[in-house]
Amino acid sequence: MLGLPLSLQLTAFSSDTENPMTDVAPPPDAPKPIRLPPIVTMESKEFWEAADKEEFIGQKCSDCGTFRFPPQPMCAHCHSLQREDVQLSGYGTVHSWCMPRHPPPFGFREPPIVAVIQLQEGTRFVSNVVGVKIEDMRQDMEVEVCFEDTMNKHKVPVFKRRGS
Amino acid sequence: MARTFTEAAIAGIGATEFSKASGRSELQLAAECAKAACDDAGVDPRDIDGMITFTIDNSDEITLARCLGVKDLAYTTRIPGGGAAAAATIFQAMALVNAGVCKNVLIWRAMNERSQYRFGQPSTDFKGYTNGHGTGTLLWNIPFGAMTPASWGALQAQRYLWKYGLTNADLAHVCVQQRKYAATNPNAWFYQKPITVEDHQASKWIVEPVLRLLDCCQESDGGVAFLVTSLDRARDLKQKPVRITGACQSIPYNVEVIANFHHADMTEMPEAKGVAKRLWEMTGLKPTDMQAAMLYDAFSPHVLLQLEGFGFCKPGEAAAFVKSGGMAIDGALPVNTNGGLSGEAYIHGMNSMAEGVRQIRGTSVNQVTKKTVEHVLVSSGMAGAVLSKD
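If you're matching them up, the sequences are chains A and B in order. Take the first sequence: its position 109, counted from the start at 1, is 109 in the working numbering, and no numbers get skipped. Take the second sequence: its position 132, counted from the start at 1, is 296 in the working numbering, and no numbers get skipped.
Calculated directly from the structure, the hints in this document are not laboratory data. All of these numbers come straight from a predicted model, not from anything done at the bench. Beta carbons are placed, not taken as given, at the ideal position from N, Cα and C, and that holds for glycine. A few of these clues could be false.
Which chain B residues stay away from chain A? Per the calculated CB distances, all over 12 Å, these [claimed, not checked]:
{"#": "1", "residue": "Asp211"}
{"#": "2", "residue": "Arg230"}
{"#": "3", "residue": "Glu372"}
{"#": "4", "residue": "Ser394"}
{"#": "5", "residue": "Ser488"}
{"#": "6", "residue": "Arg522"}
{"#": "7", "residue": "Lys535"}
Subject to a maximum C-alpha distance of 25 Å in a straight line, what follows is the list of computed DSS-like cross-link-like pairs (lysine-lysine) [claimed, not checked]:
{"#": "8", "chain 1": "A", "residue 1": "Lys133", "chain 2": "B", "residue 2": "Lys368"}
{"#": "9", "chain 1": "A", "residue 1": "Lys160", "chain 2": "B", "residue 2": "Lys327"}
{"#": "10", "chain 1": "B", "residue 1": "Lys199", "chain 2": "B", "residue 2": "Lys402"}
{"#": "11", "chain 1": "B", "residue 1": "Lys478", "chain 2": "B", "residue 2": "Lys327"}
{"#": "12", "chain 1": "B", "residue 1": "Lys441", "chain 2": "B", "residue 2": "Lys553"}
{"#": "13", "chain 1": "B", "residue 1": "Lys487", "chain 2": "B", "residue 2": "Lys450"}
{"#": "14", "chain 1": "B", "residue 1": "Lys327", "chain 2": "A", "residue 2": "Lys133"}
{"#": "15", "chain 1": "B", "residue 1": "Lys478", "chain 2": "B", "residue 2": "Lys535"}
{"#": "16", "chain 1": "B", "residue 1": "Lys487", "chain 2": "B", "residue 2": "Lys535"}
Go ahead and model the full structure; you've got the sequences and the hints to work with.
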């Protein structure tokens, strides 16, 4: 079941309110973040709270040490319910990527590069690659985590070219 | 009384027109297509005793049963996974008949997903992302701008294309062939509107560098229904029975619908491989025994992935197979002869499965005649069925 935070997020999308994305006119000097905030569930709460503090964490089984994504109550490997959130290295490679152009996704002034990041720890995470032009995108390029602001004062992990 | 295994067959198919604005409610479309399937079979709708649809259908089972005057419903189910469950309806209807639980199973799908809401747009209705409606990790993608089926489908397909040195231009041949079929199908939205490779390449990017507009299925209004009964009973009804020789689902570990980014090898479709394994074992048939296939084509790369997953082509070879005419009417395996979900309509996979029935009956407007059609594969990725001549 999804927790209360989801229903709060839904207000941003209800059909009888104006789309918050289309009529934002940012002041030139200090553009307000227009990226949508994460949708928080019971299972993802710790992850997004850590992201707000610019920490990129992952869930690991306390018994057998297997990393998993998405966060879930039970280890599929050993069925332990013991789990811990640990800091991830933040390093990975671009496993798959694309640029959604039409219809323009909510939350972006320019079309973003969306990528499946193969994390060093073995799990994958869908995010953005920032600071890289589409013509410079390369399969398996090495990336590292950084953070971007969203609406409602949250942050989400995105990825830049490693060492850039 | 001993329980016996009862063979199942599709006795009736029914559909509304396929449009962009039906002008009536989804419930009415559901009732119309359900009645049409019963009429096609020669079964009184009041005698339906099982009802199956899949998630993201807005018509309530009981309300639809009340429209049809169903006397005593013995079983209903609503299969998770959206369109990936399309062929699972045939599997579960078959199983109900096999087990003697139901005599007349109605499968239906009816949607105004063009006029009432937009299936391909960033969703403003989070119902599509919640458990049972969609999939596990879609919610995680929203802050990153992946919020349409096309963006998820492209992300899924990009590594496949890269691995085999393919580009969007290689996908054109799937789309051109399907539109060629649609062009001669009066029920298709794109009737008499074929496209060329150049048209495909000139269509705008939906998700660069993977999907152009003409790689994508339509958004359609319409309904499609099937009536499944026992083979014996079907033989006494109006149409030639279409045997359900085998059907199954497969959802391998870490596979999910459309946001399918977490299983080991993203350059293949493990769910199609899983369905194929079960289906070929169950039926004793093999890819070369199929005279046609109806493969769920939300986006063109998924046709290639299914051709490979089911063993019609080796990994990475499906694009060349299609380019050489493999899925054309006189090719080795005619595919989506109704025009598919891009050419005919997007009734969430159901309309292409109905085409599978027509190919077995010998009544398709694009009937395969090079060989006698004995067996047709229908697939929605996570489920599949072999339909056969009686």
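To see whether the hints hold, each was checked on the structure:
Under the 12 Å C-beta cut-off, the non-interface status given to aspartate 211 of chain B relative to chain A holds; the minimum distance is some 38 Å. Non-interface status of arginine 230 of chain B relative to chain A is upheld: no Cβ of that chain comes within 12 Å, the nearest being about 28 Å off. A cut-off of 12 Å between C-beta atoms contradicts the statement that glutamate 372 of chain B is not in contact with chain A; the least separation is 5 Å. No beta-carbon of chain A comes within 12 Å of the beta-carbon of serine 394 of chain B; the shortest separation is about 40 Å.
Every C-beta of chain A lies more than 12 Å from that of serine 488 of chain B, the closest at about 27 Å, which supports listing it as non-interface. Annotated as non-interface, arginine 522 of chain B keeps its C-beta farther than 12 Å from every C-beta of chain A; the closest such distance is 34 Å. Every beta carbon of chain A lies more than 12 Å from that of lysine 535 of chain B, the smallest distance being close to 38 Å; the non-interface claim holds. With a CA separation close to 19 Å, the supplied pair lysine 133 of chain A and lysine 368 of chain B stays within the 25 Å bound.
With a C-alpha separation of about 23 Å, the suggested pairing of lysine 160 of chain A with lysine 327 of chain B holds against the 25 Å cut-off. Between the alpha carbons of lysine 199 of chain B and lysine 402 of chain B the distance comes to roughly 14 Å, so the proposed pair stays at or under 25 Å and holds. Taking the CA atoms of lysine 478 of chain B and lysine 327 of chain B, the gap is about 14 Å. The hint holds against a cut of 25 Å. With a C-alpha separation of about 22 Å, the suggested pair lysine 441 of chain B and lysine 553 of chain B falls inside the 25 Å cut-off, and the hint holds.
Our distance criterion of 25 Å between C-alpha atoms is met by lysine 487 of chain B and lysine 450 of chain B, whose separation comes to about 23 Å. This hinted pair checks out: lysine 327 of chain B and lysine 133 of chain A have alpha carbons roughly 21 Å apart, not beyond 25 Å. With a C-alpha separation of about 23 Å, the suggested pair lysine 478 of chain B and lysine 535 of chain B falls inside the 25 Å cut-off, and the hint holds. In summary, the hint linking lysine 487 of chain B to lysine 535 of chain B is supported, as the alpha carbons are separated by about 21 Å, within the 25 Å threshold.
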